[in-house]
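Peer 1: Chains as they are written, first to last, in the UniProt record's numbering: chain A, 1 to 638; chain B, 1 to 638; chain C, 1 to 638.
Treat the hints loosely; a few may be bogus.
Any copy will do: because identical chains look the same in the list, a pair fits if it lies in one copy or spans two.
[As the list claims (entries may be wrong)] When the alpha-carbon atoms are kept at most 20 Å apart in a straight line, the in silico SDA-like pairs for lysine to any residue are as follows:
id, residue 1, residue 2
1, K81, A184
2, K69, R441
3, K314, P455
4, K81, R163
5, K261, D94
6, K121, P46
7, K85, A185
8, K81, W53
9, K81, M393
10, K69, L29
11, K85, E200
12, K314, D501
13, K85, Y195
14, K121, E48
15, K81, D160
16, K121, G49
If you are wondering where the hints come from, they were derived from the structure by calculation, not from laboratory data.
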Amino acid sequence: MNRTLGVCYYPEHWPEAQWAEDAQRMADLGLTWVRIGEFAWKRMEPREGEYDWGWLDRAIDVLGAAGLKVVLGTPTATPPKWVCKKHPDMFAVDENGHVRGYGSRRHYCFSHQGFLEESCKIVRAMAERYGRDPHVAAWQTDNEYGCHDTVLSYSDAARDGFRDWLRAQFPGEGNDGDIDALNAAWGNVFWSMDYDDFDEIGLPNLTVTEANPAHVHAFRRFSSEQVVLFNRVQAEIIRQFSDAPIAHNYMGRVTEFDHFKVGDDLDIASWDSYPLGFLEDRVGADAAHQRAYARQGDPDFQAFHHDLYRAVGKGRWWIMEQQPGPVNWAPYNPSPLPGMVRLWSWEAFAHGAEAVCYFRWRQAPFAQEQMHAGLLRPDSVEAEAFGEAAEVMAELAEAPEVSPVQAPVAIVFDYDADWAWSVQPHGAGLSYFGLVFDWYRACRKLGLSVDILPPDARDFAGYALVLAPGMMHMPDELKSALQNADAEVIFGPRAAARDVDFNIPTPLPPAWPGSDLTVARVQSMRPDLPVPVQGGGAVSRYLEQLEGGGDVVMTTDDGAPIAVRCAPHVTYVGGWGDDAVHMRLIETLVPALEVDRMPEGVRRRDTATERFWFNYSDRPMQVGGRDMPPAGVSRQTL
Amino acid sequence: MNRTLGVCYYPEHWPEAQWAEDAQRMADLGLTWVRIGEFAWKRMEPREGEYDWGWLDRAIDVLGAAGLKVVLGTPTATPPKWVCKKHPDMFAVDENGHVRGYGSRRHYCFSHQGFLEESCKIVRAMAERYGRDPHVAAWQTDNEYGCHDTVLSYSDAARDGFRDWLRAQFPGEGNDGDIDALNAAWGNVFWSMDYDDFDEIGLPNLTVTEANPAHVHAFRRFSSEQVVLFNRVQAEIIRQFSDAPIAHNYMGRVTEFDHFKVGDDLDIASWDSYPLGFLEDRVGADAAHQRAYARQGDPDFQAFHHDLYRAVGKGRWWIMEQQPGPVNWAPYNPSPLPGMVRLWSWEAFAHGAEAVCYFRWRQAPFAQEQMHAGLLRPDSVEAEAFGEAAEVMAELAEAPEVSPVQAPVAIVFDYDADWAWSVQPHGAGLSYFGLVFDWYRACRKLGLSVDILPPDARDFAGYALVLAPGMMHMPDELKSALQNADAEVIFGPRAAARDVDFNIPTPLPPAWPGSDLTVARVQSMRPDLPVPVQGGGAVSRYLEQLEGGGDVVMTTDDGAPIAVRCAPHVTYVGGWGDDAVHMRLIETLVPALEVDRMPEGVRRRDTATERFWFNYSDRPMQVGGRDMPPAGVSRQTL
Amino acid sequence: MNRTLGVCYYPEHWPEAQWAEDAQRMADLGLTWVRIGEFAWKRMEPREGEYDWGWLDRAIDVLGAAGLKVVLGTPTATPPKWVCKKHPDMFAVDENGHVRGYGSRRHYCFSHQGFLEESCKIVRAMAERYGRDPHVAAWQTDNEYGCHDTVLSYSDAARDGFRDWLRAQFPGEGNDGDIDALNAAWGNVFWSMDYDDFDEIGLPNLTVTEANPAHVHAFRRFSSEQVVLFNRVQAEIIRQFSDAPIAHNYMGRVTEFDHFKVGDDLDIASWDSYPLGFLEDRVGADAAHQRAYARQGDPDFQAFHHDLYRAVGKGRWWIMEQQPGPVNWAPYNPSPLPGMVRLWSWEAFAHGAEAVCYFRWRQAPFAQEQMHAGLLRPDSVEAEAFGEAAEVMAELAEAPEVSPVQAPVAIVFDYDADWAWSVQPHGAGLSYFGLVFDWYRACRKLGLSVDILPPDARDFAGYALVLAPGMMHMPDELKSALQNADAEVIFGPRAAARDVDFNIPTPLPPAWPGSDLTVARVQSMRPDLPVPVQGGGAVSRYLEQLEGGGDVVMTTDDGAPIAVRCAPHVTYVGGWGDDAVHMRLIETLVPALEVDRMPEGVRRRDTATERFWFNYSDRPMQVGGRDMPPAGVSRQTL
Ligand SMILES: [Zn+2]
Ligand SMILES: [Zn+2]
Ligand SMILES: [Zn+2]
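Construct the entire structure; sequences and hints are all you get.
Peer 2: Written as structure tokens, this is what we have:
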């Protein structure tokens, strides 16, 4: 595989006279890719049906002439004012019933059919014009689905769509659904919530106290599906006119829609990596950790997403936007430690990225992102990241070929489970993403490389360890597949705790084939009341009382089992452990793994041919006998 | 009095085939009561005017056949969808103007006349059918009035009702009120708020800055009255058809309506006791206290409500819902310490409960409360609480007869004062409930049993001490009654600080008969700036400057009086003391009381025949020469 | 100049029989001024067009007969109900789209033309009747513009007004504006935000993510201008009928409109000084500081406003409302330390006040401010402040004449910059007011007297030091004037960082004439990550990377320049320093200043003839060889 760099560029932001020089500087830097177009709907179609392609034709030509390959974005994340005037009800509505209107971006409801039609028209027009353009080497659909909390909409369009979706979920006679089936599945007998007709069903917001979790969870599934459909329509149109691969740029820790299902309609998964912004606004770390990594980013957050999108892209994945300096949108926006842009870039490649594109070429002096750094300053002088990108370019030229490799550890990641925990966290602050990420971090602190798997994975061949924490619904086929896998399997807590309709199944969870292990009781606890575990560490915030099962692998100090065998190679964990607990479980249960406890902030990743170390700390570290400076990257041929 | 146990049961949630076995197991456990029906409106009246009583007839028969007595609940807390479609404006509206719609429970505005009529119809239909049923031994109206913040509604129906209520408060000629009288009473000359007509008066939400406190306080009184009327109508209908006693199940720390006034239309007061949930979400304790009692509950919160509802029920009171394990609705939902379900049950009996009913028989595997424990797990296996309930049952069988007893201490509790403090806390976080509860705790830490009295109590015979903290309005007759009581009286701060219309009276408060004691100035203070008191302890957050009066009982370190005699047996306290201050005042002023400073977490309660100790701490304690294990209950015949 | 005292009085609140006695007591106390009328619209015009002047005629006569001079307030802050019924759309709308309705005060949108007309009518009627009244010696327009966050309104009236205002800002052919010019100026090409017509432009609320900062900033300018226009219309009407000076009573730290521009239409600036309330709710100090000054107020907050309004009033300024005891509206409302009312009064005079008026004469027993202290208690007994006012009165009688004096230090204060920082703080919690106030405090801790200057100041003669921190837009003429000034100039950070349309200019900031100093990169940082500075102190939260320029005046411990010469007498500061950094910069750069590091809580202020010291601490202090008690005021003839 040929590893490449790229950049995001907005020709419409700059005088046309400057384009050629920009293109030449990109080429001189060694960039391969330039992504353009994704916010330029108003320039492409200034008025309904009136297209202006001239500027875009010329921009693509100028870039292509410099040897750059264009990634062309569909502009549906920024519908112009005329679209909104034509469809005044196209906006999403927030949980409080407030319309989320025009004036920034992503101002549309995924369920609005009129907007969907407008989107199809502009995508078709673009695909027709540029589908065979030799310089257009890839496509991007829309931009960061779900960013700014835009998946869930409580609009009339969403409500109507939800009703129809439910009819299809509970099919009945003729065109109507079976409302009795829905009532039974949701347990609507509780609190007299039975419906007589699908048109009586509302969206689960603005209720007096919590809505039925089955209702909310169904709405979450519907909302995810709307994103999948919206993306699919665009991809299908593009494919009619183009053979270039199609990507979407996912955003970090946006879990409101199923990225795997959107990925099924794409050729490449990509994501937008802003390590410092993410640490401040979404990693969820405590203040001490945020201080320690303020200028480097969390040591595992990027890697997690790299591994996630390698799975979403079925091996093909990019960084579509890489933070190059301070951003504008986090609570605090510090400068990266010198070397971090290089580190982040190499880390992506170590996890299998095909390309890393920096966002953006030149800092814009106007509008919402004027404080967002680029490779160039607003005055076109090189910014810090420019030099680090050049360094990466030079190193890439010397680097060996890469090929896919399977990691020794797999973690199953299930968006549906994330919605389930979100609908019913049971304890304040508990989230599925947080639980999976805790397990991921434990693996990484042991120096392990990890593959992330979708919830419909059934083939676990080649893995020494498969982790499946917190999957609130586990289909029987998944249980069987894990039971029959060669790998050591660790799952729980809260595993198989709900049937597909969000009810507690009987026999009680986890109902593992051949095991009588039972979660007899569930409790959530104040974070300041951890329960110590024998051998060190603690379980906190979430703890189950386990009965039955096979060998007890781990207990609390008081002797309560927290990890119990369901089968010779299958262990259920009945609580939320800390790193010490998770690491010891892995070390104990899977001695075959080549673990190595990493120094603070240092992480390791193996490709097929090389072993990489990355020093996320801001101090020099020693690892494997080698000295690593702050922000250091170290490689060893395997 | 015969003390009994019971349980809450939802036959409509389970296959009819299971009812008989359930009933038998209840009977075998020794239960007397089974409460049913209170959320089943949709099953009783699936469509307007179409009643389906068959299932309920059979359920009552099955339960009765097993020897159980039924408490039948009216289902008005969960109006079915058809009711809401018929009355689309029946919902409450929150302070921001958002409609609080269908999809959970309590989705109605108490002021909506159309919904009131629907409620009357279903209650009448139930009463007609079951009023003379030999198995229906008690009734419950609605469910937890005010839960989920449902007393205050800013709907059009509430606005119209408020205007009419005000016309009646300020009667004028003909059918109209005297608007000038209202303007004068509220001081509307301030900020040009005078009205020309009652129909100009709006609800006091969405104002630019705070609304007139007289306006807000009147709205609070109106809103409470709407609950009283709603309940009264149900009680009156039931009484036409049934001689069984009527109860309502109040919820902990819901103070938005006057429980005494609702109680005047009931035969039995009952409340729903969730000690762990309450500690997390409404006691208001600091984190250290929440940690210390996370699995036991606050040592005084339940007792306070026991004593409150003994007063509301004029001696007859129950626990209608007793927490049996982890609940689902608090920020954190831990398991009770083993023994706590027994302790909570016995504490209720020690405070005079006739019955303790556990919520619920079997954990429901579906809908909003699927994580709420029951006596049985969802798979019908006995949960922890089952054994503790059996233990209580066995102990009850051996226990002596009980009879009413008067406590040595009385505390006056006045809902109107709670609204007044809420309308005008004067300092962030100050609440009347908090102040009264602080005094209650001080009594309990001294080992004292307490009676709670309504604000219209005038007979204080038999009490050694009467406490009346924070009553912002004190009718002259109450002052006289306290002045003439044999008891030692402690009142204040903020006592008699407002006339009935929320104005500062002249002469200035407290204007005690025969005393010139005057609150010359009032200040609220940062919680981190306590004012030390001579002899130990401090006053914090609220402090008055006192002038005149008789003997100074207590002063700050700087010599400012904070407790001053108004009469030989009447002491005014001009600040918010801590436990040390309150306890020392009681010890000093009422030497006749048999006080005994309790060890941490231990509380004492005397019935007519026995002295009880309860150990709420999670460590062994010694009290009165006896060892008490964690969650221990100890009894001594008097 | 003759320094005087006054009081705020509401004759309409009290029986007419009491007026004469009140007036006599005011006169006996030595008061000169009595402000009345500003909330009495309903009493002046009970119904549209029906005026009732009798009571006001008599009130003015009674007060005048006692020798008092009346300040007559226009009552437009409290439109009566009939005005609101006539103009149901006159209310402001908050950022969430909720109407801010009737029931308190300031319930109007500045942009509503119908309300503006009603205001004109009542103001004209008052001015006609009282413009030549010999007792009416001054006027006040409205009351506390902007209090309760009332400048910004998202109403339809505001939206329509904004569109017209934008047309005028970007003039085009005929009556329409040049929409292309607006699109270019705002950078609307970003995110397809280009408009085709001014009527497409909405208000910048309820967008999905942040709106274009140029859009928001323009709306802030428009909103300020609406206040200016509203006030100007009133002033112009009054001037047609009266020669008495016109004032407005500004409120502390209300920065949403340009006080200088409103001041251009006034004769006198005045402000309402509530030191204890402000410390609790708007100074922004940490808890330790709030504890230390809870009963005294922040040592610099009042002085800052005194100096500000001396500038706004072009030398003529008053305290229109002076806190006399506990207020009612802060989170906590403690009593002032004895002596503070005197201290606050004298501090105002030391900063050049012509008059100090106490709010209010007698505490009202009713309505919203019933817990707000006055000079009298509700029962007409003297409250604490009465005696302190008398003391001030006696001291004033002995005090020397005063005349204007120029301070050695000037600070430029620019409301437009405050809006700019508010639109784009870049780091959580950063504000322009906070930055300027930090510099002001540093000057005060050095014992320096300060003048505040408007942003259009161009003459800096006589100043040893001119500070201009944080001016995000700096017109070229201001740069030239500062470059040519004799004073030492310190400016930055973020200075000249935006052009007039909120775009980053090229060359990059600060683009100082003759200097190549460049802000190469900007970062904001967590408050818990301060960057140490060589010589002591730190820069925190906001830090720029500086390139070029002249001598480096100060660096971080790591050697990064943070203060750099742009010219021999001009220094740019590229970060947010603490007091230590600011004080050392002043001491180092301006050795000619007579600095004296003040003890904790002590401040110094020089008039033309006297030097004053004020002890804001609650402990005795020594300064300049003299002992100062808590709340002490000390004077020395110069
Ligand atoms: Zn449409
Ligand atoms: Zn109008
Ligand atoms: Zn709203």
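Peer 1: Would you list, in rising numerical order, the hints stated earlier that this structure does not obey?
Peer 2: Numbers 2, 5, 7, 9 and 12 - these are the hints that the structure violates, sorted from lowest upward.
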